[in-house]
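This is what each chain is made of:
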Amino acid sequence: MTRVRPIQDERGVTLIELIVTLAVGMVILFALSMVIIVSLRETDRVSARVGAVQQARSSLYYVVNELHSACISPQVAPVQEESTGTSLTFYHQAGSAIVPTPIKSTVSLSEGTLTQSDFKYESGTAPKEWKFAKKAYSSRQLVTGIGPTPPSSSIFSYFIYINGQLSAPLTTLNFETTPRVVAVHIAYMVAPSTTPVFDPHAAASVQNTALLRLTPPSFNTSAVNLPCQ
Amino acid sequence: MTPPGRRTPPAEDGFALIEVLVSALILVIVAGAVFSLLESTARSAAEERHRSEAFAIAQEDQARLRGLRISELSRLPTTPRPVTVDGTKFEVTSTGVFVNAVTSSSSCSQGATADYVRVSSTVTWPSRGSRPVARLESIVSPANGSLDPTHGTLKVTAINGASQPIPGIGISGSGAGTFAGSTDSTGCAMFADQPSGSYTLALSGAAVGLVDKNGSAATSAPASVTAGGSSTATLYLDRPGSISVSVTTTSSEGKPVASSADSFIVSNEEMSKAVGTPGGAKLANPYVIGSLFPFALITDSVYAGACSENNPNQKNEKPAPADIANVNVPAGGQVNASIQLPALYLTVWSGTPASPGTKVNGAHVIVSDEKCTVSGQFVKRTYATNSSGALVDPGLPWSTYSICADNGSRHQTVTGKEVKSLALGGTAVSLYLGSSVTTTGKCT
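Protein chains in written order, with the numbering used here: chain C, 357 to 585; chain Z, 17 to 460.
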């Protein structure tokens, strides 16, 4: 049989103590919730950045890989004259065929979206006589939310050999420079698709260069070093 | 036990507040830990971002290097190239090294051919700390026509007296073209695709304070580049060593006495070095011959005299006679050598062989080395006889001499006297200044 022990001490807390305790408790709770909020935001921000980098990089390597498969014939100059700082048109093909059927592709930037359009080969044997369909048979978005990396206003730039050295980047091509384009430089920034907080540095900038030559240039500085040699 | 009813008033010591403060403190510590965790997460995310950007830059640099001429690949600047991406300053260091296809090691090693150029791109960034750099390597094959047929490759190898490689020798070549570099850990420096012709290599860096095979300060060396080929220039450099030579001879009584020589020759298979003034003032005894190249496997021979004809060991016999010392010079150190000179026991008499008279004090004596010429002149040593009519120091370099003594007006000469014997008694020569056997005039 248990016996109820008499209450020995009926001392409570004073009102002041209670108020102070509550106030401090509130402060602590606020701080705790801030910690959680900030950490969640930080996690979101990091994953948004990682996502942007992944998007940027996968689209960049997609185009670079196609450029690395651009030398489908020894006489071909893969980059076409209509290429500009925001649009790249080139011939390429991958596969096991002895004589690959070329594809003409245009990768262009329009309103923050990089789109690739492919054009079917129609006729012609020598690369200069190749004819392609006017209408794209396939068109797909490579990446959205991209733009040139400041201070540049173009995402594609082209290089030719002048006196045995790569020239300054060109962003427009003409009938003289087009057959001599030996390297394409691609650089752009991709903004995260979702932004939990405003983060001016969240955009990921990526860049790479595809060299359209198989051997080093000639020792002779006056030699013309054409692509796909 | 306190009886119920009347109780003492409750203590108002604010115990609860302290509890709250303590718990707040604990929370602050916990929050700090959480914050530092967050910060380190963000930092490692940034680090990963930097690393992947660095690899992207390295990849781009590889594309750039593959677009360069071979001549440029072999002369890439050693200073890093800055690249700024997303506000981070990266530094790219590009190198191009000719490698051998079989060993895939640097073509600088002996006998290796230069088949490919290994291009590497190393990217560093400020927040990297001690973490590894981003580095990519690939191979560029010099295709037909990418190398100038009028150019060639020069390999410079620096080795010391023990045939070990010397790294860090700064080399700048000038002549048909110019180039600069320094020897690597294998003691080799390679200068590819240089215009053919002859060059002068100016040495610096680790070469300071070293001597070449001839004992001269290592400041320059010749080299030549052949068109369409590979030439090798081997630099033998080491810290200079020295030999302390003490010279003795035998007195007419057969006792060893200190002597001295006016000149010495140090020679080996690779070089010959002469010190002192033949026929001039005697050198100190012992005399230190400095600035010698320390061959570990080649023995230096030291003998008195000014010509190879003074070498007492002409047939290179072993063991060598006592009038030549064979020593190994240590790098940066000194070795002792002792030489016993053959003695000429000259006696100058005032009379004739039949009636010698007295021993002439202060007679003028010229001992001329019949085998050794310096600048087209036979080496002549001048003496004055002592009160015994003899030479004060009878030691002479090993050779054949003509000996002349005069009294100021008349002289007598004997020729073909070999001073080569180390035996007691040595070579004894008597000269007579009596009028019936002399010729008018002084010794010349």
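For the record, the hints were derived by calculation from the structure and aren't laboratory data.
Note that the coordinates shown come from a computational prediction; the quantities given were computed from them, not determined experimentally.
Fair warning: there could be bad hints in the mix.
[As the list claims (entries may be wrong)] Each pair of labels, with its calculated beta carbon distance range:
# : chain 1 : residue 1 : chain 2 : residue 2 : range
1 : C       : E485      : Z       : T194      : 47 to 57 angstroms
2 : Z       : A58       : C       : S389      : 14 to 24 angstroms
3 : Z       : N160      : C       : A450      : 37 to 47 angstroms
4 : Z       : P96       : C       : S466      : 34 to 44 angstroms
5 : C       : L388      : Z       : R97       : 40 to 50 angstroms
Ideal Cβ positions, reconstructed from N, Cα and C, are used throughout, including at glycine.
Taking the hints in turn, this is what the structure says about them:
1. C/E485 - Z/T194: 47 to 57 angstroms: holds, 49 angstroms
2. Z/A58 - C/S389: 14 to 24 angstroms: Once the Cβ atoms are compared, 20 angstroms apart, the range 14 to 24 angstroms for C/S389 and Z/A58 holds.
3. Z/N160 - C/A450: 37 to 47 angstroms: violated, 27 angstroms
4. Z/P96 - C/S466: 34 to 44 angstroms: Holds: the Cβ-Cβ distance is about 38 angstroms, inside 34 to 44 angstroms.
5. C/L388 - Z/R97: 40 to 50 angstroms: Given about 49 angstroms between the Cβ atoms, the range holds.
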